[in-house]
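S.K.: Quick one: dock chain against chain with the hints and give me the complex.
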Amino acid sequence: MNSTMLAIILLAVTALAYQFGLLRSTRQGRTLAREQVHSRPVYHAAWLAICCGTPGLLVLLLWSALEPLLIRNWLLASWPELLGGPAETAGTILMRRLQELAGGADNATALELAAAQQLGQLQTWAALGKTALVALASAGGLIWAARRMNATFKARHQVERMVRTLLLGCSAVAVLTTLGIVLSMVSEAFNFFSFIRPSEFFFGTKWNPAFSSTGNTHGEYGLLPLLWGTLMVSLIAMLVAIPLGLMTAIYMAEYAPAWFRDMAKPVIEILAGIPTIVYGIFALMAVGPFFAAAGELLGIQVRATSALTAGVVMGLMIIPFVSSLSDDIITRVPQALRDGALGLGATRSECIRQVVLPAALPGIVGAFLLAFSRAIGETMIVVLAAGNSPQLHANPLEAISTVTVSIINQLTGDTDFAGPQSLVAFALGLTLFVITLALNVIALYVVRKYREHYE
Amino acid sequence: MNTTQNTQPAGLQAPRAKMQAQDVRVFYGEHQAIKGIDLELMENEVIAFIGPSGCGKSTFLRSFNRMNDTIEGCRLEGRILLDGEDIHAADMDVVMLRARVGMVFQKPNPFPKSIYDNVAYGPRIHGLARGRGDLDDRVEDSLRRAGLWDEVKDRLHAPGTGLSGGQQQRLCIARAIAVSPEVILMDEPCSALDPIATAKVEELIAELSQQYTIAIVTHSMQQAARVSDRTAYFHLGELIEVNATDKVFTHPQNALTEAYITGRFG
Ligand SMILES: Nc1ncnc2c1ncn2[C@@H]1O[C@H](COP(=O)(O)OP(=O)(O)O)[C@@H](O)[C@H]1O
Ligand SMILES: [Mg+2]
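Listed in order, the protein sequences are those of chains A and B.
Residue numbers for the first sequence follow the UniProt record's numbering, beginning at 1 and rising by one.
Residue numbers for the second sequence follow the UniProt record's numbering, beginning at 1 and rising by one.
Honestly, the hints are just simulated from the structure, not real lab data.
Model, not experiment: these values are computed from the prediction.
Note that the Cβ used here is the ideal one computed from N, Cα and C, for glycine as well.
Some hints here could point you the wrong way.
[Claimed, not checked] When the alpha-carbon atoms are kept at most 25 Å apart in a straight line, the in silico DSS-like pairs for lysine-lysine are as follows: (1) B:200 x B:113; (2) B:107 x B:200; (3) A:449 x B:113; (4) A:449 x B:107; (5) B:107 x B:153; (6) B:200 x B:153.
[Stated by the list, open to error] One-sided and incomplete, this derived list gives chain B residues near chain A with beta-carbon spacing under 8 Å: (7) 95; (8) 102; (9) 103; (10) 179.
[As the list claims (entries may be wrong)] Calculated from the model, a selection of chain B residues having no Cβ within reach of chain A, i.e. all distances over 10 Å: (11) 74; (12) 76; (13) 79; (14) 255; (15) 261.
Chain B extracted, bound-state conformation (with noise of 0.2 Å):
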């Protein structure tokens, strides 16, 4: 495979993987949907996931909280690493996985309650909030830090369902570090909005960055340039280069990346 993976983006010292995909294969069935593929998620990154559609970019995306484990028929070989310690042990369960590792959806999906309730839904489940107001302060904070709570502020109580679709999708982005996960993964976050509520999810990536390791899936290259520190490409299932954005977008290294980010194909 002519994986090209050296290049740390300039800046960072010593960084350290977050999590690390060794060798990764999955299958729906019979179809081989990723055919081995080594990644590393660096710590407080953000990194963009590229491709064709169908090239297998939410499938790799999701084996990183287990989600493809929700579908019928798929199967992953290989490991995948969370500090260090392998997401398929048998000691490692899959509710504080997902609580370290969240997901943001392409499609925002809040639950049908209130905005409040969406966002105490995971530090229920988690036990995570010592009595009301602790659970207060943990929406309040998650809801400000999504950018949302000004928006809703005087309205926690109204349905989830009743926001605009940027501003559903911020509340998904709060829903999702409200259990304060480690690692964020968004699969085309912004494919449902507009132009403006995407500079809005845009801008608080960027903050969310400090805090958190990032993998996001976008179509969108502009959107990788402006908010990842690497990028990867992917194409039929293979991982073809990853490198710092700026890289990747002034001087690939692959002809198919080339041809991808020029438009040739995609």
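This is chain A alone, in the form it adopts within the complex (with noise of 0.2 Å):
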């Protein structure tokens, strides 16, 4: 039987223990007095279906991950003759053929017929382990549970402790993964600095990686002018989202009649929807020969793709993002500060740039440092429209490149991580993960204090 059917009948039997619960709790609990009973049925219900599908479940989890392993193992000794070079890589090949020829083909050898015919055994007999197994467990479980079970037990401090259990165990993978990804980064990271010094890293001012068929240097892995071109590019784009995001948040907060308002806001928030690759192809098609276009007229020598081009796109795409989140700040500032300014005669423009905004500052330079971090961090538009050319230069109107669009360089195509051309992904990766850490950690601390000042 395979893992899914099981699944599925185990998932069945265990809805038929929680009516089984349902039905022997509410008739053992009839004949006693109402405080005498400690909980409702469902909770007895619900803790002997937890009891009865849990143990199966774990067991069958523990089974398939082995499993093949273990199978692999065994045929891997039992016919060593079979195998033509290093265990590692001429077992899977020789795995891959056996299922083959398990599974029914022809032009084998008797050897490797054997071998086949001995591998289908094993697996027969595996899932027939498995299923006897994960019925005891389910079965032991079961029993267990319904043997504890009387009008007395504390089925619903059980059940509520399982809950606890299980969500404890859903975000731990949460953080598990995050903190993984993090040590796999710093480790890979760190293989990298093995071929490259830290200070030829981040003090470096060329970047131009070798790939190794060109000779036997590595080529050189500078990070500032990546890392330039990611600040200039995210530098043009505040400059954009921030006057646009901040008068659109103030006119929704302060201004906009409320039907506006209601209607806006979602379209606002659906531009903050737009898988970036679209605005990405926006800024090659339209925005780059547009801007070249413009400096023709002007006789000025404009790249269609350039950091002004991706910086610009980039700053529309976060316009709502900022000007959302400033909205929220400006709309908890109390109602009794502009009554205050209103009420000495001032007008509505005067509140909002001397009162308002001021108690708003905080707040708002907070979600600037969070929309920054975004930008930082952002990949397809400059991958489209900022040209690809990592150069250190201070000219808006030139290409260049960023730190996300060279992790993307240098793990497109064949990659092996054995030498630094992809290792380095990591180091840049991890500059990043840290740059844009940092930024979210000031700017959610920014926030915070702003929130507890007003409530």
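M.R.: Dropping the structure here:
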């Protein structure tokens, strides 16, 4: 029986256990006074179901994880003569071949056929064993639980505890995954630094990674041109996004009538949901050529794919981000402050400029920082529209490259993660991660501080 | 309507009406919060507005400097006059109106600025001061009149939000009088203050009444009795009774007023 079937049957059995628990505890409780019964029947039933389903599920998962490994080791040990090379790769190839044969293929040697036959047999046994063990575990859990169950049993507490454990488990997965990602990045980055000295990476001003085929030098891995590119594009983006986003937020929070706000806010938020690749295409097809043509009219040399193009489009992308965060923060400024200013005869715009915005400033700065960190990590727009030229120069009309673009460049094509050419991606990723993390932490701190101030 | 509005406080000779509300009706969308009120605020008097909560005291008070304009969906019918001029007239500028009719709110609401800048805010936006020295004088004068000068003169540039609640409220009063208003509207100015701070603010109101016309909403009848010359009792958006304060509290003319001040509801 395969695992999917088994899981479905297990689920059905669990449901039956639930019904059984419901019936049984209702019957048990009937003869007792109300205060003698601790938990309502649903809790008894849930407890029974959990006790029955969980062990079976765990056994199933464990078995499924271990089975291929055990069978493989067994086979390789029994048929060493079939192994043509080192156990690592040849083993995998052999296993694939045997699987095919077991599934019914011809043109095989007798030895191979025998091994394939053994594989089939092993798999049959394994399936049997799995079914038996799962059934045993479930039945055991069910019987154990059913024997403990009586009217005074505190099933409610047990169920609550299990729910808590489950939730804890789920959040642990999220946290541990993050931790795992960071750790693997760190270790690969260290790997990279065994090829290139950190000082060469962090302070190098030349980015020119040579691919291994071009000789035995690794090339140059200076971070600064990329970091500078990232910074330049992000700054241009912020120059676009801050004024437009902030004005939008002010209009939405202070001037727009309710019906308009209700209509426009979702529209703005939809902008935030457009995939960035679409913005990238827009930059490449529309904005870049437009800038180039405009430059030509003015007699200035403007490249279609440049820091300016990428920055402006990225700025457009961030506007909804800036505006909805700032809007929240401006709305949170107490009405009492506005009343105070208006009551003194301030006009609406004086009130906003002199009282509301200063009061909201820390929060708004926080919003800007979050938007900035978003810009720094943005990839698709710059891949398409920044021109990919890792040079240290200060001309926004020229092509440039960024950290994210370089990561993509280093990882596309044939990569083996043995040389610095691809390992550098981890060092770059880690650098980016640290920068955005720092920005986010500062921003969240500032925003939180601001909220405490007014709530 | 059974409004009783005859007796003037004794001892005042030929008092002049500073502001007049004539058949004022205020609506929040469909809901009518004020149902046709006539009332005069006399020059240099302190008039207290009392009544159960939700009866429209704040709404009515805010009508006098058009603060209700800032609320979406709020609409006023009827007329309100300041020195005989309609405050809703086309040539009446709301900025000027609010400079003449100032307001102090329920919760102290100093701006997130220094004490000095809080008080200087009004004079600055109205361009009342000629030069720095003049502004300094105005700030000092306002703080003195609000009885706060001695407490803050050494930290004028500290944030206004760092003061205690009572000090903040007096700062807000100083801020209101810094633009030399003629009328000051106060909406439960002591409801967020402790008894000592309340006493200070009440003292201040008594002093200010020599120079300004003051309308004060209060939920404390003792406070109304202590600070006001006249008291107006509101009920469900109507003005039930207005009379000299001691009359209202000793011989209420209306059964509703009596029920309220004897604590049968509120
Ligand atoms: N901003 C508003 N929007 C809608 N209704 C309001 C608003 N403010 C007050 N009201 C309504 O108007 C009535 C009078 O309120 P208010 O003037 O605040 O009473 P008071 O100050 O006497 O407690 C109440 O019924 C209240 O629900
Ligand atoms: Mg009120």
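S.K.: It remains to establish, for every hint, whether it holds in the given structure.
M.R.: To see whether the hints hold, each was checked on the structure:
no., hint, in the structure
1, B:200 x B:113, "holds, 24 Å"
2, B:107 x B:200, "holds, 16 Å"
3, A:449 x B:113, "holds, 17 Å"
4, A:449 x B:107, "holds, 22 Å"
5, B:107 x B:153, "holds, 23 Å"
6, B:200 x B:153, "holds, 18 Å"
7, 95, "holds, 5 Å"
8, 102, "holds, 7 Å"
9, 103, "holds, 4 Å"
10, 179, "holds, 6 Å"
11, 74, "holds, 13 Å"
12, 76, "holds, 16 Å"
13, 79, "holds, 21 Å"
14, 255, "holds, 36 Å"
15, 261, "holds, 30 Å"
No hint from the list above goes unmet by this structure.
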